[in-house]
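Just so you know, the sequences run in chain order A and B.
Residues in the first sequence are numbered from 1 upward in steps of one, following the UniProt record's numbering.
Residues in the second sequence are numbered from 1 upward in steps of one, following the UniProt record's numbering.
Quick caveat, the hints were computed from the structure, so don't treat them as lab data.
Since we're looking at a predicted model, the values are computed, not measured.
Beta carbons: idealized from backbone N, C-alpha and C, even for Gly.
Be aware that one or more of the hints could be misleading.
Claimed, not checked - Ranges of calculated distance between the beta carbons of each label pair, as one might list FRET restraints:
(1) A:Y165 to B:V61: 49 to 55 Å
(2) B:P42 to A:T152: 28 to 34 Å
(3) A:G252 to B:A292: 40 to 46 Å
Stated by the list, open to error - Straight-line Cα separation of at most 20 Å, EDC-like style, residue types lysine to aspartate or glutamate; simulated pairs:
(4) B:K69 to B:D38
(5) A:K19 to B:E298
(6) A:K110 to A:D248
(7) A:K217 to A:D206
(8) B:K252 to B:E196
(9) B:K69 to A:D206
(10) B:K69 to A:E194
(11) A:K217 to A:E202
(12) A:K110 to B:D38
(13) B:K252 to A:D206
(14) A:K19 to B:E196
(15) B:K69 to B:D80
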Amino acid sequence: MAFAAFATTEAQPQTARRKSPIALFLLLPGILYLVLFFLTPLISLILTSLQAPSEFGDIGVYDYAFNWQNYVAVIESYWPHILRSFGYALLATVFALLFSYPIAYFIGVKARRRPLLQSLLLVLVIAPFFISFLLRTLAWKQILSDESLIITSLKALSLLAPDAYFAGTPFAVVFGLTYNFIPFMTLPLYTALERLDTRYLEAGSDLYANSFTVFRKVTIPLSMPGIVAGTLLTFIPAAGDYINASRDFLGGPDTQMMGNVIEANFLVLLNYPAAAALSIILMAAILVLVGVYVKRSGTEDLL
Amino acid sequence: MSGEVQAAAVLGGLAESEELEDRRGPQRPRRRRIGLGDWLLPVYVVLAFIFLLIPIAYTFVFSFNDSLKSNIAWRGFTFDKWLNVCNVEGGAVCEAFGNSIVIGLVSTVVATTLGTMIAIALVRYRFRARSSISLLLFLPMATPEVVLGAGLAAQFLAVGVPKDMLTIILAHTMFCISFVVVTVKARVASLDPALEEAGRDLYGSPREVFWRITFPLLTPGIMAAALLSFALSFDDFIITNFNSGSVTTFPKYIYISASRGIPAEANVIASAVFIVALAIVVIAQVSRAARAKRLAAEMT
């Protein structure tokens, strides 16, 4: 959504732009706010990540230093969490894309001549946003708990091994991540597909392409901006999430992601440098991945 | 994406504005084939929506559960939890809910004001460093919440600011601004400059033109941005968790109680919020449709 909105408004040439001191008055408060509460925090995060334990201090007291070994230390102790974060986020993004594309296609293309149905379905897509993120994750945990109706009946029908369980498995975490970020995927896909001119599809079939070829060669390329925006909007929050992987929610001891160890180091162990170093690694990795991905998919104008 | 396809996409966009009727109108008769897609896609969509709505239905149903402490097993139907929401744990749920409302309202007002000002400046004025400012507005949306939260917490720690309600509000306002800018900017860009010119031609002062023409026309966009801000703030957990100290918000209350079981009262509040939010969205959609209809009727 956000990416798409940036792309569409930035692309329009603005003719009536004036130079005026009013611009400064309008921009200054908000920009100053972002500098103070977004940019400087990132800098203090970098400074914190290089801190060394204070010589005479208590636990949780650190001095400014250039202790770059912090990065080596967190990678050594947390490399499984780092890999898991990106692996789970990638899987969730792929599943969310596969799940959302048909829905977005139906709302954007098939339901086009019924505006009421279209807007009703869009409300249903974002409906999960209206109920607490944490409660809907817990709801899945309880719906799919060992004693629940679904799991017991699946076991009774022998569709599930008798000793199988859901909560605490990597599968459960990926499932939760997928479910929670589906609207982020569906909305940009819908925006792209809504603009799709169906005459191109007809042209494709007139040229004797079967429906699969039309889909692969026409529909997908034309909806590429939506696919890129949707995958980014799903992947970024999923990689940093720690609710789904948390032990009280869908995760277990073997499913902890980067977010979980950042939280634990910062808020429980008071190991601020480790938490900061991990955050910087997460942020840098995401920026690099996003840059490469956007370049390779040929949609630079999106940013 | 190849050049041809890009060109096709651009042409498609142009065709959309010029030949809207043609595309939306009845299509030329086509050979009817009962294809797989004719029933498979609708069936899939219905199943997918059922899947999406399962946790909502579950939360709603369990707000009527006659539960004791934790709300896991079904023990019978009751309206009791809806009628006595604040009675559990000395009103801890309601206190957390109240905090969330206050934080949401204050951050929404501040973020919407600052963001609207930026949006107007971006569309209407020329200034230096435009691309750096766009980047500064874009980055908070591309940064994982855990990084935003840890960064602010590290800064508050370094400066020695104690974490309380204020630090939560400062954090929420920060991540809402970019979303307000994106939402309002679209509205400013679609504004017809002729309307403001007409105001100036009728000897309206710049102030009058802004408050009597520009601002009323921007109101739907500003309202949408405010609703989005409030929703983002109200449901935020990760950034709040890093910057809240001992203050409890509604999501934080759920996180803390998750290990010992969530009382049904939390389901009551979540369900009530869901119903109110849904009502606002539906009313907005219906009134927009009615306005469009009225405008169309006046035109003819």
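Do the hints match the structure? See the list:
no.	hint	result
1	A:Y165 to B:V61: 49 to 55 Å	violated (24 Å)
2	B:P42 to A:T152: 28 to 34 Å	holds (31 Å)
3	A:G252 to B:A292: 40 to 46 Å	violated (51 Å)
4	B:K69 to B:D38	violated (49 Å)
5	A:K19 to B:E298	violated (38 Å)
6	A:K110 to A:D248	violated (41 Å)
7	A:K217 to A:D206	holds (14 Å)
8	B:K252 to B:E196	violated (46 Å)
9	B:K69 to A:D206	violated (65 Å)
10	B:K69 to A:E194	violated (48 Å)
11	A:K217 to A:E202	holds (13 Å)
12	A:K110 to B:D38	holds (10 Å)
13	B:K252 to A:D206	violated (57 Å)
14	A:K19 to B:E196	holds (18 Å)
15	B:K69 to B:D80	holds (14 Å)
The structure does not agree with the numbered hints 1, 3, 4, 5, 6, 8, 9, 10 and 13 stated previously, though it agrees with the rest.
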